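> Below, each chain spelled out in residue letters.
There are 2 protein chains.
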Amino acid sequence: MKRTERVGAMIKILMDSPSRLFPLQYFCDTFDVAKSSISEDINLAASSVAATGSGYIETVSGAKGGVRFIPDISEEKLTALQEEFCSRIKDSSRLLGGGFLYTSDIMFDMDLVRRLATVFTKKFKDRGADYVATVETKGIPLASMVAHQMDLPLVIIRREAKVSEGSTVSINYFSGSYDRVQKMSISKRAVKPGSKAIIIDDFMRGGGSTKGIAEILSEFDVTVVGAGIAIASLLPEKKRITDYTPIIYLGDVDEETRTIEALPNFQIF
Amino acid sequence: MKRTERVGAMIKILMDSPSRLFPLQYFCDTFDVAKSSISEDINLAASSVAATGSGYIETVSGAKGGVRFIPDISEEKLTALQEEFCSRIKDSSRLLGGGFLYTSDIMFDMDLVRRLATVFTKKFKDRGADYVATVETKGIPLASMVAHQMDLPLVIIRREAKVSEGSTVSINYFSGSYDRVQKMSISKRAVKPGSKAIIIDDFMRGGGSTKGIAEILSEFDVTVVGAGIAIASLLPEKKRITDYTPIIYLGDVDEETRTIEALPNFQIF
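Here the protein sequences line up with chains A and B, keeping their order.
So the first sequence is numbered by this note's numbering: it starts at 1 and just counts up by one.
So the second sequence is numbered by this note's numbering: it starts at 1001 and just counts up by one.
Extracted from the complex, chain A is given alone in its bound form (with noise of 0.2 Å):
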């Protein structure tokens, strides 16, 4: 194999796996090479991915050292990305009556979610999470990609519970969104006690959701170390979470008019 095929097939093998660490020594097993030449292969592979402005490959030194892939984004693609996604949700088709919006189309196309799930790794890499958690539903296809993107196991917290979860244990919770106390439920084996937790979630509006989904990972003494929403509501201005990331927000929705107002966030990094 030649040197340039060797740097290409091993972006491909970091990128199969973000985030995770591949000793030196894999590489020479898989390629059969010293370690010379995959020390400079990787030099190699780390100024290719570097130049995309869309991750890099990070050199970790020592006995459990290794290399890895880790998704980035660039302020300018941050900044485009943003302009999408506030565009598509200005769109007044969206409009459902009752101040809803149809996102469904945007929260399940994958080329998006992937994007805005890079910034969510970027945002919370280096907060020690061993999980990512949320609520079903409509934020399970984000919070998938985070936890690809970020290495770490993914719960879902049901409303209902299940048969199929085994034990569980429940909370009820006030959810501004419909006006109602709602219920959460999640499987005594989802987690293990002592462990951090970052909450992924699509929307918030008074912050009920995402308070219920760290109140309920209490219960197993499961600490959130950062929650990063796609989409937050201006209003109302106190929330019931006061540490949480969104990546735009939702102004006004006037459906006279039939506008909506939506803004990116300035302050992610």
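Everything labelled a hint here was simulated from the structure, so no lab data went into it.
Keep in mind that the hints are not guaranteed to be accurate.
[Unchecked claim] The calculated lysine-lysine pairs, modelled on BS3-like cross-linking and capped at a C-alpha distance of 25 Å, are:
id, chain 1, residue 1, chain 2, residue 2
1, B, Lys-1196, A, Lys-192
2, A, Lys-35, A, Lys-125
3, A, Lys-90, B, Lys-1188
4, A, Lys-64, A, Lys-90
5, A, Lys-188, B, Lys-1090
6, A, Lys-211, A, Lys-238
7, B, Lys-1183, B, Lys-1122
8, B, Lys-1077, A, Lys-77
9, A, Lys-2, B, Lys-1125
10, A, Lys-211, A, Lys-162
11, B, Lys-1090, B, Lys-1239
12, B, Lys-1211, B, Lys-1162
13, A, Lys-2, B, Lys-1196
14, A, Lys-162, B, Lys-1211
15, B, Lys-1183, A, Lys-183
16, A, Lys-238, A, Lys-183
17, B, Lys-1183, B, Lys-1125
18, A, Lys-211, A, Lys-123
19, B, Lys-1077, A, Lys-90
20, A, Lys-123, A, Lys-196
21, B, Lys-1064, B, Lys-1122
22, A, Lys-162, A, Lys-183
23, B, Lys-1002, A, Lys-35
24, A, Lys-90, B, Lys-1192
25, B, Lys-1125, B, Lys-1077
26, A, Lys-239, B, Lys-1162
27, A, Lys-125, A, Lys-64
28, A, Lys-2, B, Lys-1162
29, B, Lys-1239, B, Lys-1211
30, A, Lys-162, B, Lys-1064
31, B, Lys-1183, B, Lys-1238
32, B, Lys-1162, A, Lys-183
33, B, Lys-1064, B, Lys-1125
34, B, Lys-1002, A, Lys-211
35, B, Lys-1125, B, Lys-1192
36, B, Lys-1125, A, Lys-162
37, B, Lys-1196, A, Lys-162
38, A, Lys-162, B, Lys-1192
Quick caveat: nothing in here was measured; it's all calculated off a predicted structure.
Fit chain B to the known structure of chain A by using the hints.
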């Protein structure tokens, strides 16, 4: 930029958006080089990726042509994946009683899910599908990954009509797993009439749920062109649908001896 770096960057860009066709001109503009150089780069990129046994780069000629990355899995890697999947399923600590198994840790392990998704991408890539459809909840991470790998929109069918889905169409169907009538609901905005869909789900016992998805899609004149199921139970032998592709089969679940049988589907391709 040196050739080696350009080839690496090209692999990075193609892998970020699997199955998406990039015109050659895109790379000429990005790297500011002539088409002849890009063509040579593509050949090098293609042989690098092919060497990993988990995907290939395809060139489509003609005015609307270009180059794309298609996820793939070698026979050897498929066998290893099925063995890993079966061995994890056979773990007796999964037994929940009533024949139910706890599988969320597996279905929410994104590294496994990514590889399972590639099996379905390989199987269904030439069926001309417009959507990847699933019903909430446990199959959503898998369906999300298939949608990502095939560059198709995801459609999530809900158990209950939600106000944020706008007008919906609902059906009732019989679920053998739960031994009762269940409901499914889909937003009228989710699919275009006359289109084609692939169904993805985590588990099938009698096939009621998969048949339900096909039925609700047929309300919109959407044709099912493939059904990929991570785990299909061997019993009942007679399912409500005939054309489906499991990755592994679940055999006898014996709660007395605490044994779970699982075996690979040797006829996926």
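> Which of the stated hints cannot be reconciled with the structure, identified by number in ascending sequence?
1, 2, 4, 7, 8, 9, 13, 17, 19, 28, 30, 34, 36, 37 and 38
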